[in-house]
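Trainee: Chain A is fixed; fit chain B onto it per the hints.
First to last, the sequence lines map onto chains A and B.
First residue of the first sequence? That's 1 in the working numbering, and the numbers climb one at a time after it.
First residue of the second sequence? That's 1 in the working numbering, and the numbers climb one at a time after it.
Hints were generated in silico from the structure; no laboratory data involved.
None of the hints are false.
Because identical chains cannot be distinguished in the list, a pair is counted as satisfied if it fits within a single copy or across any two copies.
Straight-line Cα separation of at most 25 angstroms, BS3-like style, residue types lysine-lysine; simulated pairs: (1) Lys339 with Lys66; (2) Lys250 with Lys339; (3) Lys66 with Lys192; (4) Lys185 with Lys66.
Since we're looking at a predicted model, the values are computed, not measured.
2 protein chains.
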Amino acid sequence: MSTTPRPIPFGIMLQGPGSHMHAWKHPSNVPDASVNLGYYIDIARTAEDNGIAFGFVADGLYINEKSIPHFLNRFEPISLLSALATATKKIGLAGTLSTSYSDPFTVARQFASLDLLSGGRAGWNVVTSPLEGSGRNYGRPHPEHALRYQIADEYLEVVQGLWDSWDDDAFVRDRDSGTFFAPEKFRRLDHKGRFFQVEGPLNIQRSPQGQPVIFQAGSSDDGIALAGKYADAVFTHAPSLEETRTFTQKVKNSAIAHGRSAGDVKIFPGIGPIVGRTEEDAEAKYQAIAALAGLDDALAYLGRFFDHHDFSQYDPDAPLPELGDIGANSFRSTTDRIKQDAREQGLSLRQVALQAVSPRPNFIGTPEHVADELIRWFDAGASDGFILGFAAQREGLDDFVTLVLPLLEARGYHRSALEGQTLRDHLGLPRKASRYSTDAEPARKAG
Amino acid sequence: MSTTPRPIPFGIMLQGPGSHMHAWKHPSNVPDASVNLGYYIDIARTAEDNGIAFGFVADGLYINEKSIPHFLNRFEPISLLSALATATKKIGLAGTLSTSYSDPFTVARQFASLDLLSGGRAGWNVVTSPLEGSGRNYGRPHPEHALRYQIADEYLEVVQGLWDSWDDDAFVRDRDSGTFFAPEKFRRLDHKGRFFQVEGPLNIQRSPQGQPVIFQAGSSDDGIALAGKYADAVFTHAPSLEETRTFTQKVKNSAIAHGRSAGDVKIFPGIGPIVGRTEEDAEAKYQAIAALAGLDDALAYLGRFFDHHDFSQYDPDAPLPELGDIGANSFRSTTDRIKQDAREQGLSLRQVALQAVSPRPNFIGTPEHVADELIRWFDAGASDGFILGFAAQREGLDDFVTLVLPLLEARGYHRSALEGQTLRDHLGLPRKASRYSTDAEPARKAG
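Same shape as in the complex, but just chain A (with noise of 0.2 angstroms):
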């Protein structure tokens, strides 16, 4: 692992008040900031000014009375996307849209023409859908895990080959010769598959980044079989530097597996720093974060990853109760960390809720001591960048870029000024070539 100074890309989540599930409670946010878009404006210019790569919308399809507060009601993903694109120049503009319940030409549209009116700065994170009650916002069942990830697999492939619907230099609009478009750089799709068939072609031009930038956040097996074919980028989880480098170099190796280089895919763990000018203050503002959340919360935050299970009925105090395969179908990679930890470190039912809805981070302190530990992380290979998902938004990342950002600039960790234009340059990613294109590398074949 090389140990050269060089920048580390950051993304930041944009979900409105944090990641905390009463995050709409902590002081430092508008309480609405899930719908209000000029916290989400402020919050974008803020880091697009400090020199963080991209914004990430996550998103879910089903809610009830027991969601978190700011997932009852918060804006959808595209259009939340495109907004920000007008009020924002350089940063990239990323999120969440599900392969079980979309159609792919509407799909492909959509962040090909974010990506195209942002001037190429779009990803698009695929993810399956991991709540069972989306099927009944859509009138369909909820299909299971692995036929979820065979739907994505092909939805992929399909999505990708309209984005090449026209070359490069498609669109000569010639005037003098009335010439729009060069009939043979005009490619239309004929997908027929086990799960689409899509003539095309695409009714839009390519970005400049090519195409818009694919994130993977499924940490599962059929999730890293998925990112190692397709993925640019991967969201993951941060329980460790070991185990995330572990992950890291599993979803390396299915890229590798799949005909493409190490490099072709850049891991992305979320974290949430708490930096405080001393310790002490870091921990102060842990436990005021802490504190917005009690056990009943915590229970039905715990709940919401096992298909919303009623966890109250049990004695907070005997350990983690035996769920058998409750959860499995929707978010198993976190529901099999839970119950590992709990069963490792012998947790009660109380603290593995309270962890679940107030975690201590694992940058918290000093901004030294976080520094430190971004570049430890960094320089041993255990990612290619961080997600900030700050448990409370806007005092998190007013911290960050104030305190940690200019220490790691100092050391040659970081770029206050975004170079690039488009959201691969600032992943160091190279322009997506079309699979048409002569002068490309050898194109992966797809499917």
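Mentor: For chain B alone, coordinates are given in the frame of chain A:
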């Protein structure tokens, strides 16, 4: 009909270079207008600064080599309108989305999100997709005309139901008590119909205008019935004052038959005024536009309304051939009108095709003449306003705002500043009350 002056609401098509098939060649436009965000922003701001009530983005889900050039390569409506939301302040933002190739949960979210982030400026133009080829991009058979309208009817019932998922005051966000929402103001839809099963609720609150404005653009009997039941505004043709007035009365009668009042649905014929300082100026501008398309272009353009039928196989100077049912499942009202005009006026194929591709607008001439005509139509009750679809966008809009709007304003038929804040304000429509609101006017029962 009242002849007291009152402002005429105008909308403007946002369709790249204009409505003419070869508008991209017009010297007033940038050739890449359909994918040039800066161009759209300039047009939208010109419109907004001159008191035009809304922009309107048309759409289509199928292209081939014979499509209108700027349809081959254009932004997708949700992303474009959302990008314009942050680049403008008051202008309404309406766009087309098809009920035949989308999911109501997704579409309800996207328009609700656009509506909320724009401060209550969204409108949805409900179409059922005329083009047969759309089905081949979505892997399913294109439903026939009547079935498409049955689907659209239930679809709108679902979407409007989802938009009322949360009462206006549902989100209390009281930090002291920890109450984010009032549980009794949360409404699950539980729709179980012939085409759709949707549980709900939607994960977004109502906007300042209650619900996005519903536009409807089909002029067939099925379209008129759908408009009478659901539409706040109708986009239609403007063949002549009398025919437009007859159509307007039909839609208003349909609204009354559905328990609504005539004023609940506003009729907007699409017109493409050509204005010159003199009659000769205006004629020269029209001839310059007509010269953009030759006979081959015209025959291909005509074919577009008839399932891309190949008209080049016929003698152009013979009468329009018998076409039977070709095109009846697509642009039915347009094809009926073309065939009727050809029959009644004894037109050759050449004349039909040239008139189709470069129609002489029914508002052409000096500023005084065009202003007179607009006032005459408006005062005669032919419509409630107009949607401006200039053949050549940049020239057409600049002429209209410079030469015609000041005359209308001097006569009390225009205000150059938008006074309201929401699209409903601009159209003279009240805020849409929730179906659950107790202080609402008696709500029409949907379905």
